[in-house]
Each structure stands twice: as structure tokens, then as C-alpha cells.
Amino acid sequence: MTSFLRKRVISSAIPLVFVVLGVFCLARLTGNPVDLYLPLSATPQQRAEFSAAHGFDDSIPVQLWDYLTNAARLDFGTSLRTGESAGSMVLKAFPVTLQLAGMTMLLAILGALLVGSLAAYRPNSLIDRIAGLLSMTAASIPDFWFAIVGVLVFGVGLDWLPTSGTLGGPEIWVLPIATLLIRPFGVLVQVVRGSMVGALSAPYVKVARSKGADPKRVVFGHALRNSITPVLTVAGDLTVGLVNGAVVVETIFGWPGIGKLMIDSILQRDFAVLQAAVLLTAVTIFALNILVDVCHALIDPRVRQAVPA
Amino acid sequence: MKSSVPSSPRRERGRAHPVLALLTTGTMLLTSACAVANSDAGDAGSADGRTLRVVLTQEPPTLEPCESSLTATGVVVRSNITEPLVEREPTSGKLDPLLATGWRHTSPRTWTFDIRSGVTFQNGQPFTAEDAAFSIDRAVNSDLACNVDGYVFGDEKLEVDAVSPTRLTVTTEKTDPILPLRLSFVEIVPRTTSTEAKVRIPIGTGPYAVTSWQTGVSISLARNANYWGKAPAYPRARYVWRSDAGVRAAMIDKGEADIATALDHTSADTGNTVAYPNNETTALRLDGREAPLDDIRVRKAIGMAVDRKGIIDALLGGLAKPAAQLVPPGVVGHNDDLAPAPYRVAAARALVKQAADDGVPVHRQITLVARNGMFAGISEVAEALQYEMARVGLNVRIRMADTATHLQYQLRPLPRDVGPVALLIMHGNQAGDAAFTTSQYLVSDGPQSTFGTKELDRRIAAADALSGKAREKAFAGVLGYQNETVAQYAYVAHMRGLLGLSPKVRYRPDSATGDEMRLAEVGPAKAGRR
Amino acid sequence: MTPSTLPAPAGTGHPALEVEGLCVDLRTPSGTVRAVNGVGFQVRKGRTLALLGESGCGKSMTALSIAGLLDPTAEVTGGSVKVSGTDVLRLGRSGRRKLAGPVLSIVFQDALTALNPVQPVGRQLAEPFRIHRGMSRRAAREKAVELMTRVGIPEPRLRARAYPHQFSGGMRQRLLIAMAVALDPDVLIADEPTTALDVTVQAQIMRLLRDLQTERDMALVLITHDLAVVAQRADDVVVMYAGNVVETGPVAEVFSRPRHPYTKGLLDSVPEHAVRGRPLPAVPGSPPELSAVPAGCVFQARCPLAQERCAQERPRLTSVGASRSAACHFSEELDRA
Amino acid sequence: MTDPADRPAGVTAPSRQRPPRWWLLLGRDRAAAVAAVILAGVFLVALFGRLFIGDRAVRQDLRASLRPPSLDHGFYGLLGTDVLGRSVLARLVDAAGTTLSVAVPAVLCSLLIGSALGLWAGYHGGMRENVAMRVADVILSFPSLLIAVVVLYVFAPSAMNIVLILAIARVPVYLRTARAESAELRSRLFVDAARTFGTPSRNIIHRHILPIALPTLLTVATLDFCFVMLTESSLSFLGIGIQPPDVSWGLMVAQGRQYLQTAWWIAVLPGVAIVLTTVSATVLAAWVRLATDPAQRWRLTLPRKRRGNRAAVPSEMIA
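Residue numbers (UniProt numbering), protein chains in the order written: chain A, 1 to 309; chain B, 1 to 530; chain C, 1 to 337; chain D, 1 to 319.
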């Protein structure tokens with residue numbers, strides 16, 4: 001397992017370099033941020049001074065070199081907007097999104113396993129049809145729309161939940177997580193159902209039933225673990241997609257997470273913060289991919305064996 | 001995993017329960033999450049009626065006082081945390097004494113200010129003329145590149161001198177009749193403030209002091225016990241921010257916030273809102289250097305094609321007033337005689353046709369550039385303008401831009417090779433004097449102007465040297481002249497802001513509220529504190 | 001009494017397994033077809049019954065419906081299945097589950113897919129004890145190791161932690177058998193237990209099955225298409241064709257004097273019956289599609305004896321001697337030939 | 001029960017030997033049939049709707065702003081008007097065209113590029129496989145919405161750019177799926193056989209691997225269809241989606257969100273259109289997958305109202 005991990009990590013490092021390069025170049029394409037940070041009436045001289053102070057007057061390769069050498073020392077530059085260190089801003093925002101995404105995926109996976117298994121247990125039954133319709137609808141509702149309706153209905157109309165914000169008890173998590181949850185949940189229910197139907201028609205399930213195993217044992221003891229592999233893969237991809245959802249959710253609910261930080265830093269041309277945020281996200285996504293692979297290996301002994309020593 | 005048969009039974013047990021591992025991780029996440037969420041629950045205890053809760057559109061990037069001409073910063077800092085020497089009465093435009101008790105023009109280039117005594121900063125330090133001199137120097141003459149510097153002073157350098165603890169003289173490079181007005185933008189900080197770097201959390205003389213700033217979450221203020229003026233009604237205040245207007249409105253309706261800025265009429269409950277003129281004016285800036293916009297008939301036709309009343313009633317909730325000039329009533333130089341261009345589609349079409357007959361390429365595509373989030377309903381207004389311009393025979397496409405892109409279109413150097421541009425601008429004259437508008441938007445080489453005429457430049461320069469009634473009249477003339485012979489702008493409306501106000505609080509917004517919200521003026525709706 | 005029922009052999013008490021008039025319908029995209037039509041037989045403890053037929057003749061379907069493991073597309077539409085006297089078709093789901101294992105057990109043909117690929121085999125072997133005996137994990141594991149020893153897995157304690165893909169085909173089949181006999185069932189159904197294996201391994205597995213059967217006094221239902229296996233291992237045989245029983249009886253008698261042309265054809269096709277120098281006789285043609293079974297005798301299209309009567313009237317399974325029956329209008333003629 | 005032996009087996013079945021026609025199968029699955037009808041309707045409207053509505057979708061009338069759905073204002077007033085007084089019905093029709101002209105090319109592009117690369121990489125393995133997978137990793141680790149924001153702000157948000165970005169962002173999904181299928185199939189016997197006969201690898205991929213991988217890829221594509229429409233909507237929420245006066249369902253939902261309390265129909269109706277289309281596509285895709293897979297096909301034969309009534313075998317029918 002360790003050699004498996006080592007190989008996986010090394011092969012991931014190269015793409016990371018490309019991500020850094022890509023973000024750097026894309027950011028420069030969006031133009032010089034001088035106009036945003038100087039008064040409308042700033043003189044050409046002031047503009048030049050500002051550019052020089054932040055290194056925007058250097059050629060792109062020079063800027064890139066500076067960035068890389070500094071990044072190697074874990075110095076990701078200073079935010080133009082707040083004057084804080086970009087690294088610390090990103091690290092402050094990151095846990096918020098991580099918790100949001102972690103909770104969301106946890107609930108989505110557990111919920112989908114439950115609902116998907118129920119649906120798969122009796123294909124074409126009423127439960128199956130209802131679960132299918134609901135999950136498909138859930139997967140196709142625009143998240144910002146869901147969020148706003150949620151605020152109006154549960155926040156204002158029924159007065160059950162706070163409208164937004166991070167101040168308060170556990171109830172503040174409900175709407176943001178629900179908003180992030182709907183799509184992954186909808187997709188996962190369908191994936192679970194599909195692979196569970198496949199697993200339940202496998203001969204070893206017949207064998208288990210011939211041993212007198214009850215439905216619970218059949219589904220959770222035998223079929224579940226066999227059907228979870230595709231679920232994990234899709235869940236991994238959906239988690240990556242949560243970054244997109246986080247942009248919307250954090251914007252609407254006023255959560256100080258990395259999604260909001262990224263969109264703000266794009267709009268404010270705050271390159272240092274944008275680069276640090278994307279880099280951290282990319283590293284996280286790589287870690288996630290490795291985690292998914294490790295889970296595959298944990299769940300399926302055949303995968304474990306296939307990994308060369 | 002080398003061997004096919006695991007060698008120790010323990011390992012199997014360890015890996016046999018990925019679900020269990022998942023659950024454990026989840027529980028850990030959950031608990032840590034709750035910990036984060038609860039970390040400032042004590043501070044959040046908000047519905048007690050003793051904390052004034054304000055919801056803004058965005059988090060201030062900084063609270064540095066010399067950046068307070070940035071709306072997001074100023075709305076928190078100005079007159080709450082720090083104060084200027086002089087303040088402008090928003091409705092009348094009259095200047096009121098604040099940290100200065102009086103001022104006079106002592107020589108053509110020098111103004112003398114009497115400094116209030118008995119004022120202390122929130123850190124206990126006494127306030128003297130030296131602090132005032134330091135603050136002006138820091139904001140205007142330092143290398144901090146303060147926003148307020150560029151905004152009100154250009155590259156002008158000031159000579160500041162604290163003659164005595166209660167007397168301050170300011171000397172300008174050339175005669176400046178409105179220096180006290182300009183100085184009303186400089187917030188006073190203690191002389192111990194850094195001149196090397198901008199401060200994140202300032203100290204001032206205002207009625208409230210910052211107690212904590214949780215990045216991304218909230219800014220908390222507490223009443224300044226040593227405040228020299230009347231103590232504010234609320235002992236504490238807290239700012240939070242939500243970018244979606246619907247959510248801000250919901251917070252007011254729900255009672256989660258007492259004041260919400262910049263609501264939009266569609267999502268707000270009318271019972272909980274107050275409309276107020278915010279001194280902003282929307283208009284299309286027509287780039288007169290590019291055909292077909294280089295023809296004044298086309299520019300005037302656009303003015304006539306705009307259905308101001310329709311736009312205001314349907315899209316702006318009836319909150320705005322049709323505009324005929326870039327400055328609203330109340331600003332020095334406003335021309336009361338100008339009437340909005342009549343909405344006459346046929347006449348406009350005829351004008352365009354006339355121009356087309358004279359060889360003007362009226363079918364060249366005009367780009368209508370507007371900025372997302374400039375005001376509520378911006379994209380609908382842009383669509384309406386596009387439709388109305390297309391209806392009189394022009395070829396228009398819309399480009400919605402973000403702030404940075406919009407600025408590239410707005411500021412000199414103007415972008416090249418983008419064809420004719422009709423830029424939807426929103427101009428707010430915070431200072432109350434038309435000079436701030438004309439120097440930016442009308443002078444032929446103004447930073448935000450695409451073209452002009454020599455005659456217009458001459459008239460503006462002449463008006464700027466005057467003061468009093470003559471100044472008002474001269475600027476009014478300038479505005480009228482621009483409409484008649486230059487027509488760089490097709491005006492849309494003088495806007496009004498919508499402030500969300502919970503029934504529990506009493507506050508009267510004025511035109512400055514968007515830039516400067518004086519929390520000290522907010523009180524509980526009924527007499528007697530809960 | 002349906003004619004398909006065999007006369008009960010002399011003896012006391014119920015047979016271990018008694019099937020009567022079993023009918024199974026199968027839904028296909030082109031409509032419902034009858035896959036098993038009125039099948040009946042019985043087995044006593046210690047005896048072996050072979051269900052013989054070509055693939056698709058309904059023998060596996062019969063086995064699955066006895067065990068209650070049919071796919072949802074298939075449905076039992078008639079008949080009864082009595083295991084030790086109880087009609088399992090009338091039982092509820094949990095009642096059925098109680099029997100599965102301790103009373104009735106089944107061995108599947110493809111051991112690779114029949115074992116759960118992600119569970120150590122020890123745990124799968126221990127499962128019957130956990131389910132029916134409520135044993136602790138540790139005790140059940142001990143039992144599993146015992147079973148593995150019994151079926152001849154070397155180093156059972158170590159191998160109990162291995163996964164199915166780490167075993168050879170023969171070993172996997174042993175594991176599957178071990179799992180089936182774990183709780184000493186009264187009836188063991190073995191559905192082509194040796195099909196996927198090498199010839200040498202086949203013999204070992206068959207020997208193991210026989211030993212276990214004797215040891216535990218089980219009734220064994222052996223489902224196969226292999227005449228040799230039937231001849232060597234079974235006491236009685238039921239020959240099936242297109243969902244119907246065409247001939248039944250003790251193996252020795254049936255094989256020496258077949259009373260149905262299909263049985264005869266099958267026996268003739270075995271090389272040892274062939275005459276050197278002559279082409280190997282085979283049953284000409286192929287069995288009918290289940291959706292196109294003719295109205296009269298199911299075998300008419302391939303039958304050398306077919307006459308007009310065969311197209312009109314389906315022959316009943318009728319007694320043709322002590323404990324033997326056949327479904328042919330001309331079984332007497334066949335015997336005389 | 002009458003004597004079963006007397007009843008000739010199989011008389012209940014139609015005596016057709018070849019598989020039933022697909023539309024008969026479709027007709028038997030009511031949900032799939034409804035889905036097919038809806039999808040066909042959406043595509044017809046998208047293709048030809050604009051011919052009928054003329055300029056109704058852009059014709060503004062500020063005096064007819066926010067009329068609720070009613071029968072009083074003619075056919076085009078049926079679904080009410082938006083804030084600019086345009087017919088919501090006409091805009092839905094117009095938007096159907098734009099939405100599909102963004103979603104369909106985006107999905108097709110990513111499907112084609114991703115599948116081709118993935119099959120190729122999976123079939124050859126080794127270095128080529130490694131490089132392809134790392135490219136996928138790189139693309140996947142850019143938060144796609146943010147890249148879209150950057151690119152669309154820099155290079156003007158045209159429909160073409162939106163299609164490009166969405167297509168590139170989704171390539172890795174197909175690449176990975178196709179690679180996995182192809183890597184698994186390359187070791188199968190029939191592929192080996194083809195290889196030993198000297199069949200060029202391009203032909204093997206085309207003839208032997210693609211047909212097997214295709215159903216999975218198509219299923220992924222249907223799910224993606226939904227994703228693309230939603231992302232386009234999210235872009236509109238951020239103000240950089242389809243630019244007015246063009247209109248897409250996503251843009252309508254995004255613009256209508258502020259009128260949720262006062263004029264629900266502006267945001268809800270296009271939302272329903274999105275949901276209906278994607279749900280129909282998913283249902284139909286699931287059905288097609290079943291219908292084209294011989295091993296799964298029997299599932300379509302399950303009678304609908306079966307649960308509840310106890311069959312003779314009360315088995316826990318596990319499929």
C-alpha cells in the first residue's frame with residue numbers, strides 16, 4: 001500500500017506544476033489590476049508606481065519566476081485588496097469550505113446508499129419510481145434557485161431556519177448543506193441504484209440467500225460493498241464539482257469559504273489570492289483522488305492485489 | 001500490498017470497515033464544524049435589542065480611514081469610527097463643524113481651522129491640531145496611495161501646519177475655494193498611526209470603536225465611552241454582509257438584521273424599506289469618436305429613444321426620477337431648467353434616418369457595456385436600452401462586464417479597437433459640487449470622458465474659478481450647453497436607494513447613507529429601551 | 001393426483017423432498033413462456049436423484065424454484081414443493097429463510113461468481129452459523145475452519161482469511177460445497193457442480209459430494225447434463241425436455257431400457273454406446289424455443305417415431321413399470337424395439 | 001389449477017422469434033414513453049419554434065410588465081410576461097433553441113474528444129495512458145466554474161466560448177470512463193484474437209471496443225447534459241452566461257430569481273423546463289441502456305403492478 005501511495009503521489013505532482021502555470025497565465029490574461037485599486041483620477045505616474053510596487057511591470061516570465069521562487073518558500077504573496085498574506089487568507093477560508101463539502105458529501109453518500117439500496121431492492125416498485133423521479137429532479141435543480149427558495153420558505157416563511165450567515169448554532173448549516181447536497185445526492189442515488197441492481201443479481205447474492213440471509217444482510221452484508229466502487233468514483237468527481245457549488249452557496253449565504261474567496265479575487269483581480277486558492281484546491285483535489293484510490297483498494301481485495309508491489 | 005494473504009488478522013479488521021472510518025471522519029467533521037459555528041455565538045446574541053445589526057452588500061476590504069472614499073470602507077468607518085474636521089450636510093450641502101469648530105479663508109491660498117478641544121481618541125490619547133495635521137499629511141502627502149487622495153485632491157500637495165493645539169493652517173498650491181469641503185473627506189487618526197503601511201483596524205474619535213473583526217464573518221463595534229458628543233443609543237453594533245439582495249431583504253423581514261443596505265424593490269417587503277435619493281445618476285456615455293456615435297443627431301436620437309418613465313416604473317420600482325443632467329438636485333450647479341429629453345420614437349427614428357441619408361453608418365454595431373451589480377435590475381435596464389436603441393434603427397449588442405472590465409471602458413486610456421461604445425455609467429457626486437462631475441465626465445480630456453469641445457472646456461474652467469451664486473449659475477450653464485451642443489450623455493434616471501429598516505429601529509437615510517451610515521443617528525423605534 | 005407424480009416408494013414417513021406438478025412461467029421481452037411444466041419427483045434421505053437434460057430444458061429453473069431463488073422475471077404458477085413434509089411454496093419469506101441452510105441447501109455451478117469477491121472466504125463459510133445458530137464471530141470462524149478442513153483445503157486457518165480470487169477453481173467449488181453442507185441440510189441440490197472444472201478435479205468434487213452425502217445422510221438432487229455422472233452417482237433419474245419430464249425411474253433401469261425416444265437418443269449419443277466405424281448418432285435437430293413449444297408432444301419435431309397423433313395430443317407421464325414412468329405414446333413400442 | 005400437462009406450454013406467448021420492435025418495448029414502459037415524447041417535443045420546439053414566434057421573444061412592452069399567467073392576453077400571454085413585458089411563453093420557446101444549441105454541442109464535443117482519447121489511451125496503456133490520465137487530472141483540478149469566469153470575462157461571454165469551456169471542462173469525465181472500459185476490454189479474448197490477426201489498433205478500437213463502451217459513455221453524456229444546462233445557469237447567475245438579448249432557460253432562471261416573491265412564473269417555468277428536459281433525458285437514457293443490453297433487457301418485461309399481490313412464490317424477488 002505504501003508503494004502504491006508513493007507512486008500515486010509522484011504521478012500527481014507533475015500535473016500540479018501545470019495547474020500552477022495555468023492559473024498564473026490565466027490570471028495575467030485578465031489584465032492589470034491597477035485601475036481597480038487606484039482612484040479613478042490617479043495619474044499615470046501613480047499607476048506606474050503601483051504597478052512597479054506589485055511587480056506588474058515585469059515581463060510575464062520574470063513575474064512567474066518570482067512567483068515560483070517565493071511559492072517554493074511557501075510565500076504566496078500579498079493580497080492587493082486587504083494587504084494580508086494570501087497564504088493566510090486562503091488557509092483561513094479553506095476549513096469552512098472543507099467542512100461544508102465534507103459534511104455534504106458524507107450526508108449525500110450515506111443518504112444515497114440508503115435510498116439507492118431501497119430503490120434497487122425492488123426494481124420498478126413504487127419506492128423505486130419515487131426515488132428515481134425525486135433524485136433526477138434533485139440533480140437538475142439550479143442550486144442558486146434552490147438556495148433562494150430555501151431562504152424564502154424556511155428562513156422567512158416558516159421561520160424554521162436562519163436565512164444565512166455563520167453566526168449561530170448547528171441550524172445555520174442546514175440550508176447551505178441542503179443546497180450543496182441536492183445535486184450530488186440526486187446523482188448518487190441513481191448510481192447506487194444502478195450498481196446495486198447489478199450487485200443484487202450476482203450469483204453470490206443468490207448463494208447468500210440460499211444460506212438464509214435476510215434482506216438486510218443480503219443488501220448491506222454482501223451487495224453493498226460490491227456495488228460501492230462506482231459510487232466512490234462518482235462521489236469523488238462530485239466532490240470536485242462541489243467547489244463550483246461552494247461559489248454559489250457561499251456567495252448567497254455569506255460564508256467566508258474558499259469559493260467566495262476565489263470569485264472575489266477574480267473580480268478584484270487579486271492574483272496572489274487567486275493563485276494560492278486554486279493551488280490549495282488543486283492539492284486538495286489530488287489528495288481526494290488518492291483517497292478515492294485508497295478506498296477502492298480497501299474495499300476491493302482484487303484492486304489491492306493488482307497494484308504492483 | 002505484496003502478499004496475497006494478509007499476515008496479520010488485525011490488518012483485516014482495520015480495513016474491513018471503510019464505512020466505519022467514513023462515519024468517524026464525518027463525526028469529527030461535524031463536531032469541528034459545530035465548534036467553528038459556535039465559536040462566536042456569544043457575540044451573536046443579537047436579538048436582545050442592544051446590538052444594532054447592519055447587513056452590508058460586501059465585506060469592507062479594509063477599514064483604513066484614508067480609504068474611506070471607497071464605499072465599502074466608508075460606510076463602516078466614516079462618522080462611526082473616525083471623524084473628519086468638517087462634515088457636509090447631505091441635503092442642503094451646507095458644511096457643519098465637527099472636529100473643527102470653525103474655519104476661515106485667511107489668505108488666498110491658506111485656510112485656518114479652529115480645532116475642538118476636549119476630544120480624545122478611542123485609545124485615550126487626546127486629540128489636538130497636531131493629529132489633524134498628521135492625518136491630512138498622511139492621507140494626502142504620503143506614499144500610501146490613499147484612495148481619498150486621488151478622489152478629492154488629485155496630485156495637489158497641501159502644506160499643513162499645527163500652529164497651536166487648537167489651530168491648524170492648510171496652504172494650497174493655488175486658490176481653493178472649496179478646501180473645507182475637500183477636507184470633509186479626510187478622517188482624523190491619532191499621530192501614532194503608521195505612515196508606512198495602511199492600518200487594517202483604525203482608531204478614531206468616533207462614537208463607536210472596533211472591538212473585533214472576524215474575517216469573512218462580521219465586524220463588531222462597541223460604544224466609545226469617552227465620546228465627546230451625544231452618546232449613541234445602541235451600546236453595540238455589528239456588521240455582516242450578504243451579496244444577494246434577496247437574502248438581505250429576508251434578513252430584515254425575519255428580524256435577523258435591523259438595517260440592510262442596497263435592497264431592490266422586487267424582493268423587499270415594502271413595510272420594511274425606506275427609499276432615499278442617493279445622488280447617483282445613470283446615463284449612457286456615448287463615445288463620440290466612433291461612427292455612428294460621432295454624429296450628434298444619432299446621439300440625440302438615443303436620448304429621445306429612451307423610455308425613462310417606462311424604465312423607472314417597470315424596472316426600478318418607480319423609485320427613480322427621469323434625469324436631464326449628470327447631477328441631481330441639491331448639487332451645486334444643478335440646472336433646474338433642464339427637462340428630460342422627450343420620449344419620441346418616431347422623431348428619433350427620423351433623426352437616425354437623416355443621419356443615415358447623410359452617409360453615417362448607422363448599422364455599425366454599437367456595444368452597450370454595463371456592469372453587473374451596478375444597481376438592482378441593471379441587466380433588465382440594459383436590455384430595455386438595447387431594445388429601444390434598436391427600435392430607432394441602430395444595431396446594438398449588450399456586453400455585461402465585471403467591475404474591472406467596466407473600468408477599462410470607463411477610464412482613460414480608453415480601450416482601442418472596440419468600435420462604438422455606449423457605456424452605461426452610474427455617477428454619484430458625493431461632494432455636492434458640479435466641479436467634481438465636470439472635471440471627470442465633461443472636460444474633453446477628463447479621465448472618464450470620451451470627447452468634448454474646446455468651448456465646453458473653457459466654460460468649465462471659468463465656472464470652477466467662481467464661487468457662490470455665480471458658480472451655481474455657471475455650472476448650470478455648462479450642463480445645459482453640454483446637452484445642447486455636445487450630447488455625450490443620454491441620461492436615464494436620478495436613482496434612489498432602498499434601505500431595509502426593521503420596524504424596531506428608527507433611522508432617516510439621506511443621500512450620503514450609501515457612503516456614510518451614521519449609526520449614532522439610529523435609535524429604537526419606541527421610546528424606552530428594552 | 002396429477003399423473004406426473006411418481007408412486008411413492010415403499011417406506012415410512014415423508015420423502016425428504018417431494019415436488020408435485022411444479023409450473024414456472026418466465027417473462028421474456030416477447031411475452032410470457034412456460035419454462036417448467038408440471039414437473040414432479042421425490043427424493044429420500046441418503047438417496048441421489050439426477051435431473052438430466054440439455055441446457056435450457058428447465059432443470060436449473062426447477063432447482064431455483066425449489067430453493068426459492070428465482071429471478072423476478074420467473075414465477076411459480078402451480079404445484080407444490082414439500083421439504084420434509086412442509087410445503088415451502090406456502091411458507092412466508094421468513095419461514096422460508098429458516099429452512100434455507102439447515103434443511104435445504106444448494107450448490108451453484110460457477111464457484112468464482114458464486115463466492116462474494118470482497119469477503120474473505122472464512123467469513124462467507126461462517127455465515128450460515130452466524131445466521132442460523134447465532135454463533136459468535138469467533139465460534140463461527142472455528143466452524144468455518146473445521147469445514148474447510150473437511151472439504152480438503154490445505155492450511156485452512158491461514159486460507160480462511162484469503163479472498164475467492166486467490167483460490168483455484170476446484171478449491172472454490174470445495175468451498176461452495178462446504179458452505180452448502182455447513183448446517184447438515186436434509187436436502188442438497190447441486191446445480192451442475194462440476195461443469196467448469198477439469199476432468200480430474202470433477203472426479204474429486206463428485207467424490208467429495210458423495211462422501212458428504214453418506215456422512216450426513218442427505219437427499220441429493222444432482223442437476224447435470226452429463227450422462228456418465230448420472231450413471232455413476234445417481235440412484236434415480238428424471239429426464240427433462242423443454243420444461244417437461246419425459247421419463248423417470250431408477251438409473252440402472254432407465255439407462256438400460258429407455259422408454260422415451262429422447263432418453264434413448266441421449267444414450268445413443270454417448271461414445272461408449274457407439275459402434276466403431278459408424279458415425280456417432282446424435283439426436284437430430286435442437287430443442288424448441290420455449291416460446292414455440294408445439295401443441296402436441298414436445299419432442300415430436302426430433303422424434304424418429306413421431307406420428308400424426310403426436311402432433312395433436314400431448315402424451316401424459318404414465319407408469320411403465322415399477323417406479324418408472326415415461327411420457328410417450330409409443331413407450332411400449334420403444335421397449336419392444 | 002387445471003392439469004398443467006394438458007396445457008401446451010408457451011401458448012400464452014406471441015409466437016415471434018425475433019426481438020420485439022423498440023417502439024413496442026417503449027410503449028410498454030410508460031415512463032420512458034412519456035420521456036421520449038417530452039424530449040421530442042423539446043427538440044421540435046428548439047428547432048422550429050422560432051419560426052412561429054417571430055420577434056415575440058424580444059418584443060418589449062414596459063407597460064405590460066409582470067403580467068401573471070392568464071387567458072386574457074391571447075396565446076402569448078398564457079404564461080404571463082416578464083419584467084420587460086415580453087411573453088414568457090415566447091421566451092421559453094426562444095430559449096429552448098439557445099439552451100440546446102449550447103448544451104448539445106458542448107456535450108457532443110466533450111463526448112467525442114474525451115471518448116476518443118480515453119479509448120486510445122486505455123487500449124495502448126503505458127506511457128500514453130499515463131499522459132492522458134494526467135491531462136485529465138490537470139483539467140479536473142481547475143475549478144471549472146472559476147475558469148469559466150476568468151475566461152468569459154477576458155474573452156467576452158459569447159455562446160461559442162461557453163460551449164468551448166464547458167466542453168473542455170467535461171472532457172476528463174469521458175476520458176476516464178472510456179479509458180477504464182478500454183483498459184478492461186483490451187485483455188479480453190476477442191480483442192486478443194483480433195490483434196493476432198494483425199488488425200490495426202484503430203480498427204480494433206472502432207469495431208470491438210467502442211460498441212461495448214458506448215452505452216456507458218452515452219449514459220454519462222445524458223447526465224452531463226443536465227450538468228451543462230445547470231452550469232450555464234450558474235454562469236448566468238454570476239452574470240456571464242448567455243448575454244441578452246439572447247435568452248436561455250438558465251438565464252431566465254437567473255434573472256427571474258429576484259422576482260421569486262412577486263412573479264414566480266418568470267423563474268419557475270424555465271426551471272421546470274430544465275428539470276423536465278433533463279429528467280426525460282435521464283429516463284430515456286436508462287431505458288435505452290436497458291433495451292440495448294441483451295443481458296438487462298428482461299427488466300423491461302416486468303409488469304408494472306406486480307408488487308403487493310403475492311405471487312405463488314413469495315420470494316424476496318431480488319433482481
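What the hints contain is simulated information worked out from the structure, not anything from laboratory work.
Errors might be hidden in some of the hints.
Okay, the calculated beta carbon distance ranges per label pair [what the hints assert, rightly or not]:
id	chain 1	residue 1	chain 2	residue 2	range
1	B	313	D	155	35 to 43 Å
2	A	126	C	110	28 to 36 Å
3	D	126	C	165	23 to 31 Å
4	B	271	D	78	28 to 36 Å
5	D	154	A	7	46 to 54 Å
6	B	201	A	302	53 to 61 Å
7	A	220	C	138	47 to 55 Å
8	C	98	D	43	52 to 60 Å
9	B	271	A	68	54 to 62 Å
Glycine included, each C-beta is placed from N, C-alpha and C at the ideal position.
Hints, verified against the model:
1. Under the hint 35 to 43 Å, the C-beta atoms of residue 313(B) and residue 155(D), about 37 Å apart, fit the expected range.
2. Checked against the given bound of 28 to 36 Å, the beta carbons of residue 126(A) and residue 110(C), roughly 34 Å apart, stay inside it.
3. For the pair residue 126(D) and residue 165(C), the supplied restraint of 23 to 31 Å holds, since their beta-carbon distance comes to about 25 Å.
4. At about 33 Å, the CB distance of residue 271(B) to residue 78(D) agrees with the hint of 28 to 36 Å.
5. Range check, residue 154(D) to residue 7(A): Cβ separation about 37 Å, and the 46 to 54 Å hint is violated.
6. Distance hint check: the CB atoms of residue 201(B) and residue 302(A) are about 59 Å apart, consistent with the given range 53 to 61 Å.
7. Distance hint check: the CB atoms of residue 220(A) and residue 138(C) are about 21 Å apart, inconsistent with the given range 47 to 55 Å.
8. One distance hint, 52 to 60 Å for the beta-carbon pair residue 98(C) and residue 43(D), holds here, with the actual separation near 55 Å.
9. A hinted range of 54 to 62 Å holds for the C-beta pair residue 271(B) and residue 68(A), which are about 57 Å apart.
Checked against the numbered hints above, the structure breaks hints 5 and 7 and satisfies the rest.
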